[in-house]
Amino acid sequence: AQSVSQHNHHVILSEAASLELGCNYSYGGTVNLFWYVQYPGQHLQLLLKYFSGDPLVKGIKGFEAEFIKSKFSFNLRKPSVQWSDTAEYFCAVSPYGGSQGNLIFGKGTKLSVKP
Amino acid sequence: DAGITQSPRHKVTETGTPVTLRCHQTENHRYMYWYRQDPGHGLRLIHYSYGVKDTDKGEVSDGYSVSRSKTEDFLLTLESATSSQTSVYFCATRTGTSTDTQYFGPGTRLTVL
Numbered sequence: 361a362q363s364v365s366q367h368n369h370h371v372i373l374s375e376a377a378s379l380e381l382g383c384n385y386s387y388g389g390t391v392n393l394f395w396y397v398q399y400p401g402q403h404l405q406l407l408l409k410y411f412s413g414d415p416l417v418k419g420i421k422g423f424e425a426e427f428i429k430s431k432f433s434f435n436l437r438k439p440s441v442q443w444s445d446t447a448e449y450f451c452a453v454s455p456y457g458g459s460q461g462n463l464i465f466g467k468g469t470k471l472s473v474k475p
Numbered sequence: 645d646a647g648i649t650q651s652p653r654h655k656v657t658e659t660g661t662p663v664t665l666r667c668h669q670t671e672n673h674r675y676m677y678w679y680r681q682d683p684g685h686g687l688r689l690i691h692y693s694y695g696v697k698d699t700d701k702g703e704v705s706d707g708y709s710v711s712r713s714k715t716e717d718f719l720l721t722l723e724s725a726t727s728s729q730t731s732v733y734f735c736a737t738r739t740g741t742s743t744d745t746q747y748f749g750p751g752t753r754l755t756v757l
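Going line by line, the protein sequences match chains R and E.
Numbers given in my numbering equal positions in the first sequence, counted from 1, plus 360.
Numbers given in my numbering equal positions in the second sequence, counted from 1, plus 644.
Quick caveat, the hints were computed from the structure, so don't treat them as lab data.
Be careful, since some hints might not be right.
[To be verified] Under the rule of at most 25 Å between Cα atoms (straight-line distance), these lysine to any residue pairs were calculated in the SDA-like manner:
| hint | chain 1 | residue 1 | chain 2 | residue 2 |
| --- | --- | --- | --- | --- |
| 1 | E | K655 | R | Q405 |
| 2 | R | K409 | E | T670 |
| 3 | R | K467 | E | D682 |
| 4 | R | K474 | R | L373 |
| 5 | R | K467 | E | T743 |
| 6 | R | K421 | E | V663 |
Note that this is a predicted model, so its numbers are computed, not measured.
Working from the sequences, and respecting the hints, build out all of it.
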């Protein structure tokens, strides 16, 4: 079965530290890839997405992600985090052309940024 | 945001009672989804709809049913609520183009005592 793994359950950083959150998926075909963010008490918001083309994708709020096909990975990065980045981050995968665009989510990574 | 509202936003109910959650969208999106979010599990798909009266099961559909009689409304029903269905429920919509993404509603926190 298709699955998405997020390696870190909880990451704690100080402001200005660099961030990298891991995401790996298991699916042999073409996929669309997403990172969503959920701020405390709020709904999920799209950070960035990858469908095709340049594997380095830039999203909102200074986030970026790199798709490495050979590693089945789509890691999220930010060079310098802020306290306001405290949230839960979800990686999601949608097999291209299948499953009515259904998303398979990872279990999420909580990011706590200390001021 | 895709003009998605969910009602109620919070509900406390007792085991064995029926519960219906409503998702309403104003963007005329073709696809609608119901997810549940539980700590340590991320979001899991319950049911989805690809058009009026067209629905299908997701990963965790047992104990849930859905209906979509109008494009804008997608109802999730727990026929007989159980404590294991205590969760936060999110609705999402998507236009249906190949490069579209899912947009999420604000969520409903359901507690089954």
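Hint check results:
| no. | hint | result |
| --- | --- | --- |
| 1 | E/K655 to R/Q405 | holds, 23 Å |
| 2 | R/K409 to E/T670 | holds, 24 Å |
| 3 | R/K467 to E/D682 | holds, 9 Å |
| 4 | R/K474 to R/L373 | holds, 6 Å |
| 5 | R/K467 to E/T743 | holds, 24 Å |
| 6 | R/K421 to E/V663 | violated, 38 Å |
Hint compliance for this structure: hint 6 is the single one not met.
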